[in-house]
Every structure is written in C-alpha cells, then in structure tokens.
Amino acid sequence: MVRVPFRAAADRVRHRLSRLARPASRPRATAPKAARAAAGGVPEAPRTPVPGDLAAPAPRPWLRALGMLAVVVLGAWLGLLAVGSIRTPVGPMDTNMTLRPSLTGGSKINVAPLGALELDSHIAPLRLDVDVDRLDPERSQALVDQPERFSGLQDEVTRDVAAGTGELAVRSCVAVISGATALGLVVYRRPRRALAAGGLALALLAASGVSAYATWNPKSVLEPKFSGLLSSAPSLVGDARSIVTEFDIYQQELARLVTNVTKLYDATSTLPVYQPDPGTIRALHVSDIHLNPAAWHIIASLVEQYEIDVIIDSGDTMDHGSAAENGFLDPIRDLGAPYVWVRGNHDSTVTQDYLKKFRNVRVLDDGKAVNVGGLRIAGTGDASFTPDRTGPGGNKAAAQLEGARLASALRDQERAGTPVDIAVAHDPNTARETDGTVPLVLSGHLHRRINEQLKLGTRLKVEGSTGGGGLRAVQNEKPEKVHASVLYLDRSTRRLQAWDEITLGGLGLTTAEVSRHLPEENLKNDSPVPPSSSPSPTGSGTRPAPSP
-3 MVRVPFRAAA
7 DRVRHRLSRL
17 ARPASRPRAT
27 APKAARAAAG
37 GVPEAPRTPV
47 PGDLAAPAPR
57 PWLRALGMLA
67 VVVLGAWLGL
77 LAVGSIRTPV
87 GPMDTNMTLR
97 PSLTGGSKIN
107 VAPLGALELD
117 SHIAPLRLDV
127 DVDRLDPERS
137 QALVDQPERF
147 SGLQDEVTRD
157 VAAGTGELAV
167 RSCVAVISGA
177 TALGLVVYRR
187 PRRALAAGGL
197 ALALLAASGV
207 SAYATWNPKS
217 VLEPKFSGLL
227 SSAPSLVGDA
237 RSIVTEFDIY
247 QQELARLVTN
257 VTKLYDATST
267 LPVYQPDPGT
277 IRALHVSDIH
287 LNPAAWHIIA
297 SLVEQYEIDV
307 IIDSGDTMDH
317 GSAAENGFLD
327 PIRDLGAPYV
337 WVRGNHDSTV
347 TQDYLKKFRN
357 VRVLDDGKAV
367 NVGGLRIAGT
377 GDASFTPDRT
387 GPGGNKAAAQ
397 LEGARLASAL
407 RDQERAGTPV
417 DIAVAHDPNT
427 ARETDGTVPL
437 VLSGHLHRRI
447 NEQLKLGTRL
457 KVEGSTGGGG
467 LRAVQNEKPE
477 KVHASVLYLD
487 RSTRRLQAWD
497 EITLGGLGLT
507 TAEVSRHLPE
517 ENLKNDSPVP
527 PSSSPSPTGS
537 GTRPAPSP
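Here the sequence shown stands for residues -3 to 544, where the numbers follow the working numbering.
It is worth saying that the hints were derived from the structure and are not from the lab.
One thing to keep in mind: the hints can contain errors.
[As the list claims (entries may be wrong)] With a cut-off of at most 30 Å between alpha-carbon atoms, the simulated DSS-like pairs for lysine-lysine come out as follows:
hint	residue 1	residue 2
1	K451	K364
2	K392	K352
3	K392	K221
4	K392	K364
[Claimed, not checked] Taking CB as the label site, the calculated pair distances span:
hint	residue 1	residue 2	range
5	T211	A158	12 to 22 Å
6	E517	I119	46 to 56 Å
7	V166	I446	41 to 51 Å
8	I446	S297	17 to 27 Å
The beta-carbon is built from N, C-alpha and C at its ideal position, and this holds for glycine as well.
Using the sequences plus the hints, can you model the full thing?
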C-alpha cells in the first residue's frame, strides 16, 4: 500500500504542470474547485470554451467578410478569364466577345491588324471586349458581289449582336459562379461557404449588369477614340455634317462600322481616303511648338490628309524669341494652307516681324481681324515675354486686361457688321475674357487640352503642345505627347460642328490616336436641324459669309 502516497504525489505534480500551461486569464472562481480536485487525486477535465468566455479568441467578422469578398472577386475574375468569352459571327466577321473587369467600363473593339476603337458606352466594373478575328471570305464576297445586301446589314448585325450578348451573359454567369465557388472550396474547404461565394459572385455580376444598363449611352459611338492604323482612317466616322445628321441611332452606326471594316479588309492594306464635306470648313489648331522641327512634318501631313483650309497657331512657336531662331519658321511657307498666328509668351516682336514677311501668314495682334479660309478670325499677342522677363511676367491680371481689350475689339467688329467667328489668344486667362463676344476662342500655353463652355455661351478650346513640349520634353520623366486638333465648322454659319483630337506618343511617335467629339448641343438634339438654320452661340443668328 506504499504506492498510494507516491501515486498521489505524481498526480499533484501533473496537475501543477497543467495549471502552468493554462491561459492566465482563466477565471479565479474555478481555482478552489481545481485545487480540491487535485487534492483528491483526480485531475480536472479540460473545460470547453463557451460563448462569452474570456479565454476564447475575440471574433473579427469584418476580417471574415473582407476575406470572403477577396475570394469572390478573385474567383469571378479567374472564371471570366477561363471561360467568360464566346465566338459569334457579326455580319461577315467572326468575333470573340469577352467581359473583362474594369474600373472605367466602356467597350473596346479590336480590329486586328488595323487597331482598336474605344467607346464610353457604359459605366460599370465590366468592360466589353470585341475582337474581330477574321473576315469570312464567303460572306464578305457575297456582300461585294451584291452591294444591295448592305441595306439589310443593319438588321443582320443587330440580330447577331443581340444573340451574342445574350449568350455572353449566360456564359459569364456560369463563369463567375464556377470560379468563385471553386476558389471558395479551395480556401474554406466547406461546401456551404463555397456556395455562398458563388452566390455573392452572381449578385455582384447582376449589380454590374444593372449599372451598365442604367448608364448605357447609345450615342457613345459619336465620340469614338481610334488607335493604331485606324487613326489614319477618319472616314470611319464620316464628316462633320454626316455625324450630326446620321449618327443618331446606335444600331445604324454599328452596321456602318461593320460595313466600313468589311471594305477595309476587302481593300487589304489600302485604307480609304478621307472625303471631307464640301460644306465644311476644316481648321487645324496647333500651339506651343517650342522649336520642335518634327512639328512641321506632322502639320504638313495633317494638312494634306484632312484637306485643311486654315492653320491657327495660338503661340509659343519659339523658345527664346531670338533672331537666331527665325530660320526655324521657314517651313511654314510650304505647309500648303494659310497660317494664322498670335504671339505667345516665348515669342518676341522680332519673331512677329519675321513672320509678317511670309505671304501665307496672317499675324494677329491688338484685336486685329482677318478673313482667311472662309472664316473671320481676330486675336492678340501675349501680354508678357518670358525669356527676358519683360512685361508683367505671367501676371493673371495683365492677361485678363489684355483679354478685355480683345473683347472690346470683338464688340466693335460686331457693331460694324463684321462679326468674328474665332478669337485667338495664347493665355487662357486672356481668352476667357472674350466670353459672350464670339462663338469660339482658341488658346494654348498650358500644354494640355481643355474644352469648356463658358457662362455666356463662348466655347473655350485650349490645345496641348504640338511640339511635345519642345526641348523641355526631355526634362520630364515621360516625354510629352504631341497634340493637335482638326475643327469642323459649317461654311454658312461658321458654327463648330465637331472636332478631331489627334494625339501622338511623345518623342518616339510610337502611338497615334484620333478621337472625335461633338458640341453638347449637337449630342442633345435627337433630330438635328440643318446647320444653316441653327442659331449662333451668341444669339446673332446666321452670319454673312466673309469675303475671301
């Protein structure tokens, strides 16, 4: 019987070791009971945590919810990547339709190898990608042999797109549910949580679809953005008059796009030539060339391609305005179009006097107005000269004072019966002062584009740098892009109908984009009236055509 005391002693040691291993936060009320159990030689059974037990870890529901959301989004994305696309014919073309996660939404049509067309069609965390894989030889040949079939292409394209969109919606639902459920099963290893992840993914897709439907903009085709070789084919969106009178129904324009792409493929590498409307004046707006010789080649190319009637330069053609730089201006003589110029803060009076000697150049200053290219244009030079710090040196008040003088000159022209169609000033602060005195005012200086409808009806258009910032471009982390714009104005009213923004990719010019834009008043009119009967922004009605 000697073993009994030894066994009791061993039990007491084992009990003390188990107490040391327990959490320190155990309630003290259980200590006497544990001691009595240990004294009796019976070890205390481990206690199961219950809700509210201080020893149990505090739950963090927000972490679980965040983890579930991450699983749902990642799983849905992987599902879309894996199976969320369909192949479907659209007219004579074979296409691949895909839904992709996106922060901005919209639609992108890739026409390999010509480039891409982007539309701001909707706002949702999903983007519709349509890849034109190939042109079916039999279907395209049938269209070429029977041109009358083009008239029925609209209905065919509409049916094809509707069928493809419906199939894509079903495929996308299956993709996001499968992806989220599979990933949920891998992460949680519990079927119920995996199914919950799949259901939440379907709910998110449905919410995205509702958002896309609510923000759907069928008129987004009026303002497409082209990239690649398509940027060299502005005829895909027609001329200024046609985009106002014809581009009002999305289905019609989708058919037009398919038709033109068919013709492009049929013509192999030969892109169609841009045919401008004879009733449209085309003005090329450039600014801030800053001694970049490549700008002249770009301008000459645009003048030829778009058949430009007049070039308008809103200043800062030079860098220091010295006489030694004047030779840089000589290529202006051979650009093939009249050149209207105003002095910028990097241009001197020496530069201005040199340009006055060119036959095709019209230098504007102090509110002077000229008739050129079917337009009446007035402008003024900048109030300061930056290189030698003469003048007010970028003083906003001085720029506004110069703008007030220009506005006074514009009102004098109005009273004299020779209203001005376009005003030009280098500094936007100067240009803003002309609000209400002219339909359109152009400026530069900021090296970035601004399009703004001022309070009294004047539209302000600020152009970026056509010289890509000049020598300053190499100072930045990335080279500045080259900007220019083609303005389309009705020949009878001289009202702005549309404009194309041309953007080239910096020093290397490795990318090219052309995006078309319309004034808001044209977008709002579902049944636009002929331009000749449209009121002018200043309320003066139809203006008489200026003398050549």
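Given the hinted pair K392 and K221, is their alpha-carbon gap at most 30 Å? violated (35 Å)
Next pair to validate is K392 with K364; report whether the Cα-Cα distance is within 30 Å. holds (22 Å)
Whether the CB-CB distance between E517 and I119 falls inside 46 to 56 Å: violated (23 Å)
Can the suggested window of 12 to 22 Å be confirmed for the beta-carbon pair T211 and A158? holds (19 Å)
Restraint check for K451 with K364, where alpha carbons must lie at most 30 Å apart: Status holds; Cα separation ~25 Å.
Are the Cα positions of K392 and K352 separated by 30 Å at most? Judged against 30 Å, a Cα distance of about 28 Å means the pair holds.
Evaluate the given range 17 to 27 Å for the C-beta pair formed by I446 and S297. holds (25 Å)
Is 41 to 51 Å right for how far apart the beta carbons of V166 and I446 are? Holds, at about 44 Å.
In terms of the numbered hints stated before, the structure departs from hints 3 and 6, listed from lowest to highest.
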